[in-house]
Amino acid sequence: MARRRANAGLGDVEELGMQLTPMIDVIFQLLIFFIVNIKFRTLEGLLKAFLPKADTVPTRPDPNKDQVFIKITEASPGNLVLLVNNQPVGGTTEKQKYKSLEERLGGIKEGFEKMPPVIIDADARLPYRYVVYALNVCGKLDLENVMFMFPQQ
Amino acid sequence: MAIMKRPAVSAGELGFDMTPMIDVVFQLIIFFMVALSFVDSQAAAKLTLPVADQAKPPEERDKELFVFNVVNLNARHPDGTLVFPPGTPPYVESGRYLNTAALRKELDDAADVSRYRSEDKKTVQSAVIIRGDRDAAWIYVMAAMKQCQEAGFIKVYLKALESEEPAPRSP
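For the protein sequence lines, the chains are F and H, in the order given.
If you're matching positions, the first sequence starts at 0 in our numbering and goes up one per residue.
If you're matching positions, the second sequence starts at 7 in our numbering and goes up one per residue.
Hint data in this document are derived by calculation from the structure and do not stem from the laboratory.
Warning: the hint list may mix true and false statements.
Stated by the list, open to error - When the alpha-carbon atoms are kept at most 25 angstroms apart in a straight line, the in silico DSS-like pairs for lysine-lysine are as follows:
id	chain 1	residue 1	chain 2	residue 2
1	H	161	F	139
2	F	70	F	113
3	F	94	H	62
4	F	47	F	98
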């Protein structure tokens with residue numbers, strides 16, 4: 000198709016020296032291949048997960064140490080509750096709750112020269128995203144010392 | 007458009023000059039080649055990552071990676087049937103479904119390879135990337151992290167989307 004039409008337009012091919020039509024055909028094929036195959040990179044990134052040493056995995060909060068204890072639980076299915084040192088954070092939607100978690104942690108961070116370890120305790124059956132959001136908040140505040148408590152089954 | 011029109015005037019003499027068109031087409035090809043990303047074979051299709059704006063692009067130096075997925079076993083099709091039949095293990099690695107013990111075996115093998123390749127034959131330099139579904143139960147991710155730690159991995163990362171995809175799944 001392309002060849003015949005292009006030739007008709009070119010008139011005398013001899014004079015041109017080089018036959019461009021097949022190359023253009025191939026290039027169009029390539030172009031179509033790449034257009035069809037394209038799947039734009041989804042912006043996937045990595046969050047650092049904190050692995051405590053095996054013997055320091057806390058199983059419950061230690062009241063004698065400076066610790067920031069984040070409890071993630073649900074009052075009823077879908078009703079997320081975030082507690083920082085047993086004090087619930089404000090907000091009605093998920094987003095607001097994590098926003099006020101960020102504010103609360105930021106306030107705590109300012110009160111200390113060196114931020115005490117943050118321990119995240121999430122219920123076993125909760126969706127994993129709740130923990131990722133909490134980790135995200137910790138990342139935003141540059142908290143380096145974060146631990147996970149093993150959920151009670 | 008302008009290119010297409012202009013030759014019509016001088017068509018009798020020359021045919022038309024294809025050089026600019028070829029230039030443009032080459033540009034297009036290069037653009038699509040660069041933008042093309044082939045589907046990651048390690049990724050599981052039935053997975054929606056959580057969104058975390060603090061997620062950083064992977065570092066170049068972590069070349070050896072052990073990637074596995076944690077699926078949401080309670081996921082349901084729109085008609086209410088379970089996506090995964092009851093009893094499906096929660097971990098997927100290279101298309102295979104693994105339970106905790108099988109995952110541990112894979113992690114141990116990967117850690118051994120990494121130890122063997124390291125200079126002092128002791129440190130595990132490979133990193134583990136956990137791709138968890140946003141609705142997967144936390145216990146499975148936590149259990150997997152524990153296995154990574156016991157297998158000797160030091161670097162463990164959680165994969166997340168840096169921003170919500172254009173067509174997010176309804177929560």
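- Message: Output the indices of the hints that this structure fails to meet, ascending.
- Response: none
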